[in-house]
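Visitor: Chains as they are written, first to last, in this note's numbering: chain A, 1 to 277; chain U, 1 to 102.
Quick caveat, the hints were computed from the structure, so don't treat them as lab data. No experiment lies behind these values; they were computed from the predicted model shown. For every residue, glycine included, the Cβ atom is placed at its ideal position computed from N, Cα and C. Please note: incorrect hints may appear among the correct ones.
[As the list claims (entries may be wrong)] Going by beta-carbon spacing under 7 Å, a handful of chain U positions derived as facing chain A:
hint	residue
1	R16
2	G19
3	E21
4	M25
5	A27
6	L32
[What the hints assert, rightly or not] Keeping only pairs whose Cα atoms sit at most 20 Å apart, straight-line, the calculated SDA-like set for lysine to any residue is:
hint	chain 1	residue 1	chain 2	residue 2
7	U	K17	A	V256
8	A	K244	U	E21
9	A	K80	A	G95
10	A	K244	U	I18
11	U	K17	A	F219
12	A	K244	U	A83
13	A	K259	U	E21
14	A	K259	A	G274
15	A	K80	A	Q223
16	U	K17	A	G151
17	U	K17	A	D220
18	U	K17	A	G274
19	A	K80	A	L241
20	A	K244	A	G151
21	A	K244	U	A15
22	A	K259	A	G151
23	A	K259	A	E179
24	A	K244	U	S34
25	A	K210	A	Q125
26	U	K17	A	I250
27	A	K244	U	E69
28	U	K17	A	D247
29	A	K244	A	R115
30	A	K244	U	T97
31	A	K80	A	A254
What follows is the residue order along each chain.
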Amino acid sequence: MTDNARPHSLDVGIGGVHVRLRTDSPDFITLMADRFRGFVGHVDAPDHVFDVDIVPVTYAEDESLDGITTEVRVLRDGPKWRLLCGDFDAEWNPGTRHGQVRLHPSPYSLDSVLRILHTVLLAEQGGMLMHASSVVLDGRAYLFTGVSESGKTTISRLAPPHAHLLTDEMSFIRLEDGEYFAYGTPFAGELATPGENMRAPLAGIFLLAKGTDNRIDDFDQGQAVRTVMANILYFARDDALTSKVFDNAIALAARVPVKRLTFFPDARVWDLFGPPA
Amino acid sequence: MSTALYLLRSSNVAARKIGDELMIMFAQDSSLFSLNETAAILWNAADGSTPLADIVARDICPAFDIDAETALRDAAELAHGLAERGILQVGNQPFDTGSATT
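Chain U on its own, in the form it takes in the complex (with noise of 0.2 Å):
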């Protein structure tokens, strides 16, 4: 991975933790969309301002015992896929988060 990558939570959805389930709720619909654990570390640490890969060597390779240069390119394909349903916003710069909201 050459490329810093960068998360920041889109804001039209909403996003609660309902039982053990991080639920996200899009906002122009009201559909709904439910987290798997990975998601929801990402979610959580996408602050807009956090390399993905300090994300992971923090938050994933010591919750699932997996190598970092696998864990990255796992992490970066969710990301991507998280962003594509318009959960995330994924970037190669950080994000001004001085006008975005959670």
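Chain A on its own, in the form it takes in the complex (with noise of 0.2 Å):
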């Protein structure tokens, strides 16, 4: 499905989500094919479609895309939601399931569009976006959070060699049926690779701290709950929506096992992670 205005037309699916991004650019799609490699790929039905439309950086009398602000907006506005930033300007209708998206011609701000969308949809349904690595081990995923530096490549680029990455920047968790799954995604962080596009079931999140040995201490529910709350991306300013990560943060952090790993950078660590008894 395409339009006249717009011909050319990628499918990213993440996380089971299929977004069509249609617009009249063909080397837009080929930047996107790339960023996304792995992710995308035709289906007949797509979960939503978002009509994007290129803006060059120099487009000076274009006051939304001014090129400069870097502060996320996500505003409910009736039925649609309103996603700004100074690098794109996006309008998307959750009940059409359509949208429109005028951006500069940078990867990164579709990424940052595409990332936000998640980040709605997924609060809806009882899964989030988190800042973390995500490594499936054995059939089962863990994902590693916590500050910048603190370690969130590091261990991913430890893993043993039959683990599989699923990002060491965005972890994708999905609530299906009652339980949680990590999902694989394009949104790379230091190792500028997309993740592996599969999912597996969330056996564990850690918090992680760099120390002389290798340990891992649980947490009470409140330490749990903070845990995923400060490291969930959300963006938007609706306090319903707002309340409903509560909810899913605390919902997460009852069902999955949150825990501090304290861990030295080097491949023991995973020795902690071995196959379920």
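The task is to assemble the complex, starting from two chains supplied on their own in separate frames and drawing on the hints.
Guide: Here's what the structure looks like:
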């Protein structure tokens, strides 16, 4: 499905949600196909369709795309959501599953729009995007979160050769039939490499701290919720949805073990994550 | 304490009991705030219409074995502190709660 004004399209599927991007720019499609490699492929019925208009960076008369503003704003506007930053201006109607995006010709701009779109979609469904790397080992997914430089990328680099990297930057968590799953994402950090497009049941979330040895310490319920909440990616200024995000964090922390992982940065840390007994 | 005080929960925060802890989340920035036991009593009783003195006499004095005058003074200070953080509203008149939400 394309339209005359935007004859080129690309379907991006992340976490089982397929978004069709339509544009008049074949170059941008090529750029996006590379950015989201491993997560593109035609589907007959996409979940959402976005018409993408590329706005040159030098287009000075465009007030919303000033190229300077770095604050992300996500606002509910009647039945629609408005997603704004200095390099993109998007409108999306969850009811019609259709959106329009004006953005600068940068893969990072569309990357941001898709991340924000998923934060809203996942919040409504009990899931979330989390600042965390995630790795699948022996069929179970482990998330590693923490502040910048805490070791999210490091621990994913140290994973055994048979492990699968879902992401080194932005973990995608879905609630499906009462069970949490981690999905691979193309949202890459330092590794600049998309994760593997697969999913696994979420076995644990670990707040990273570097130390001289490797150990796992339990959190109480409050610490677990704080750890989850502090690392959820979320921008919407909407009281109802924000409360939902809070409830989602509480539900996740009640269901999935959330612990502190102190680790010395070598491969032995993965000895703590053996196959289930 | 010569002037009656009334407390009302702010509408732009969400409160959830997690274990023994009452956690407040601010909708504006998703930040979290944990209430101690006394603050949790004030939060739960902050209906906008019950005078603080009644809350103290009913919920705080029996729980902490403290005299009413001291408890009311401490509770008023705590309530103003919570108001400064945007968790509660404090006023000298009962609040019109017709449009208030928790």
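Visitor: Now look at each hint and say whether the structure bears it out.
Guide: Now for the hints, and whether the structure bears them out:
1. R16: holds, 6 Å
2. G19: Where the cut-off is 7 Å and the nearest Cβ of chain A is about 4 Å from U/G19, the hint holds.
3. E21: holds, 4 Å
4. M25: holds, 5 Å
5. A27: holds, 4 Å
6. L32: holds, 6 Å
7. U/K17 - A/V256: holds, 18 Å
8. A/K244 - U/E21: holds, 19 Å
9. A/K80 - A/G95: holds, 8 Å
10. A/K244 - U/I18: Holds, because 15 Å separates the two Cα atoms, which is no more than 20 Å.
11. U/K17 - A/F219: holds, 16 Å
12. A/K244 - U/A83: Not OK: A/K244 and U/A83 at ~24 Å, beyond 20 Å, violated.
13. A/K259 - U/E21: holds, 18 Å
14. A/K259 - A/G274: holds, 16 Å
15. A/K80 - A/Q223: Measuring from Cα to Cα gives roughly 35 Å; hence the hint is violated.
16. U/K17 - A/G151: violated, 32 Å
17. U/K17 - A/D220: Judged against 20 Å, a Cα distance of about 13 Å means the pair holds.
18. U/K17 - A/G274: violated, 34 Å
19. A/K80 - A/L241: Roughly 14 Å separates the two Cα atoms, so the pair holds.
20. A/K244 - A/G151: violated, 29 Å
21. A/K244 - U/A15: Judged against 20 Å, a Cα distance of about 12 Å means the pair holds.
22. A/K259 - A/G151: holds, 15 Å
23. A/K259 - A/E179: Holds - the C-alpha atoms of A/E179 and A/K259 are around 19 Å apart, at most 20 Å.
24. A/K244 - U/S34: holds, 18 Å
25. A/K210 - A/Q125: Between A/K210 and A/Q125 the Cα gap is close to 34 Å, so the pair fails against 20 Å, i.e. violated.
26. U/K17 - A/I250: This hinted pair holds, its Cα atoms lying about 10 Å apart.
27. A/K244 - U/E69: violated, 40 Å
28. U/K17 - A/D247: holds, 11 Å
29. A/K244 - A/R115: holds, 18 Å
30. A/K244 - U/T97: violated, 23 Å
31. A/K80 - A/A254: Answer violated: A/K80 to A/A254 is near 32 Å, above 20 Å.
Violation of the numbered hints given earlier is confined to hints 12, 15, 16, 18, 20, 25, 27, 30, 31; the remaining hints are satisfied by the structure.
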